[in-house]
Each structure stands twice: as structure tokens, then as C-alpha cells.
Amino acid sequence: MQLGRYEIENTDIKIDDIAKKVLASEDIKKITRICERYSDEEDDYREYDVYKITTTSKELILKKTSEREATNYEKYLSGHGFNVPEFYGSHIDGEDIWIVIENIEGEDLRNVTDALAIAAADSLSEIQNSCWNSSDTKRFDVYMERIGRRYAFIKGDLVIGKAYALFLERQKTCPRTLSNGDFMEFNAVVKEGTVYIIDWGFGGVMPYSLDIARFIAHATEDRATFPFYMNDAQKKLFVEGVYESLNDKPDHEQYIRDIKLAVLNEYVEFVEADEDEDHWYYEHARELAEEINGWK
1 MQLGRYEIEN
11 TDIKIDDIAK
21 KVLASEDIKK
31 ITRICERYSD
41 EEDDYREYDV
51 YKITTTSKEL
61 ILKKTSEREA
71 TNYEKYLSGH
81 GFNVPEFYGS
91 HIDGEDIWIV
101 IENIEGEDLR
111 NVTDALAIAA
121 ADSLSEIQNS
131 CWNSSDTKRF
141 DVYMERIGRR
151 YAFIKGDLVI
161 GKAYALFLER
171 QKTCPRTLSN
181 GDFMEFNAVV
191 KEGTVYIIDW
201 GFGGVMPYSL
211 DIARFIAHAT
221 EDRATFPFYM
231 NDAQKKLFVE
241 GVYESLNDKP
251 DHEQYIRDIK
261 LAVLNEYVEF
271 VEADEDEDHW
281 YYEHARELAE
291 EINGWK
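For what it's worth, the UniProt record's numbering labels the leading residue of the sequence shown as 1, then goes sequentially.
Take the hints with a grain of salt, since some may be wrong.
Capping the alpha-carbon separation at 27 Å, the derived lysine-lysine pairs in BS3-like fashion look like this [claimed, not checked]:
1. K75 to K191
2. K75 to K21
3. K162 to K30
4. K296 to K162
5. K64 to K260
6. K58 to K30
7. K20 to K64
Read the hints as simulated data drawn from the structure, not as lab findings.
Could you build the full structure based on these sequences and the hints that come with them?
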């Protein structure tokens, strides 16, 4: 039984119709559905609303998505040469939104190297530079409401709650730019040495530090939380690589503090979600909170 990602032949006529409408000028040869099997258990698999389209000249992805992701591609990502999937169009089918993007075959970044840390920094900073201090607040407002609820959850912990209050306050003035919103190692694909950032469903204009923090917060040398490897030296390469490439650099001390505050938010997110079976996130949140509370 095949584990991991696999494809099955598409049998849904509606999917054929949507693909033809978005790709009217393309000669479509084959459509397969993306699936994933998690274990040897017969029912432990998932069929995604994601399809690979093979044409005479390229491979594409047809994906059922949110208005947010479609807008991110249409408004911010398309046509700028960023290291993201190329956008080919969208289609509204009743209440469903579908997009067609480039299919990028490659390994994710679960095994980060020095070179990949630098390449990831290059890809992220180029996008951040393009939208620095954007006035778009639609995604930011949703984000602020969400972290406000998270503060309500954690404020009873006197150590972590105090530090999280500092994070919450800083978000109001922290420079904002286009963010992926879920920039973890499985949402980055390396192809010929270039890191492509994928899956923009949680993205929008938010504080710049969020993507930097999420990329480093869950990767460890012993893969203690997620199956992502990254050592401290590689984290520094990534963090400093982003900083050196930013056109409008914050003060470096503030930059590091912004990232640490955002890492705290990452830890608290998993504590709040009750996804901290071994208390790794709580222990690291408390240790980081003690450092933050000692700042002058």
C-alpha cells in the first residue's frame, strides 16, 4: 500500500469542465486527483480538492480554495516573478472558488541545509520588499481579532501572559507586508536550488515578522515537534539573510525582538490548540517569555 502523496484518475466531469473553462487555450491531456495516505490502515487517507492537469506543454494544479488565496494571487503574487507558483486564472462555481496555478515538483524543506536556509530567505524577502508598509488591513483585522482571543486564553499564566501582552501591543505598530501566513517547511518546495513558497490560503498583509518566526519556530535538530530539521546556525542564516535583503530595514535589535515575539505566538498557538502532548511548546513558551519579560 502506497504511503504519502499519490494520484488517482479523475472521474468527475465537473472538474473537466472547470479546467477547460480556465484553460480554454490549452490542450488538456490528463487530469488526476491528488491524494495522501497516512498509514497502512485502509481508511487512513485523504482525497484533496486538488487536481494535477497535464497539457501538451506543462503541468498545472487546479485547486478549490478560498477567496483569500485567489485574491493573494490576483492582487499581489501574479506577474512579479516571485518564487511562487505561476497563476493562470480562477473560476467561480456557485459558492466554490477554483484557481489554476503552476505545478512545482520538488522536495519540501523538511531537511534544511545552509544553502536552503539562504535560498528561503531570498525568496521571502523579495516578496516582503514588494509590499512593505502596505495599507491593506483586511487580513490584518482578522489576524488581530484572532490573537486577541489567544491572549484571553493565555493571560492567566502570569509569565507567558505578560510577555504575550507585549507581543499583542507590538503588532499594532509592527511594519506590515504580504505574508504567507503558514510559512512552514511543508509549504516551501525546492527546485533546482530555488525555494518556491506555496499555499497562500492563510496569507495577506500582516506583520513582517510572522513568516520569519513560523519558519524557524517548529524546526529542530531532534525533530521534537514537526518532522523538520534545522539547527541554530541555519536559523541564524535564514533570519540574517532576510534582514540583509530587506530594503527598509528595522533597527536590528528591534528586528530580532519582533521575531522572538512572533515565535512566542507560535508556541502559544499550539498550547491553545491542545496540540502539546509532551509540553514542548509550553516549556519553550515559558522560557522565551522569561527572556522577553526581562527586556529593558
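Margin query: If you test the structure against every hint from before, which numbers come out violated?
Written below: When the structure is compared with the hints, numbers 3, 5 turn out to be violated.
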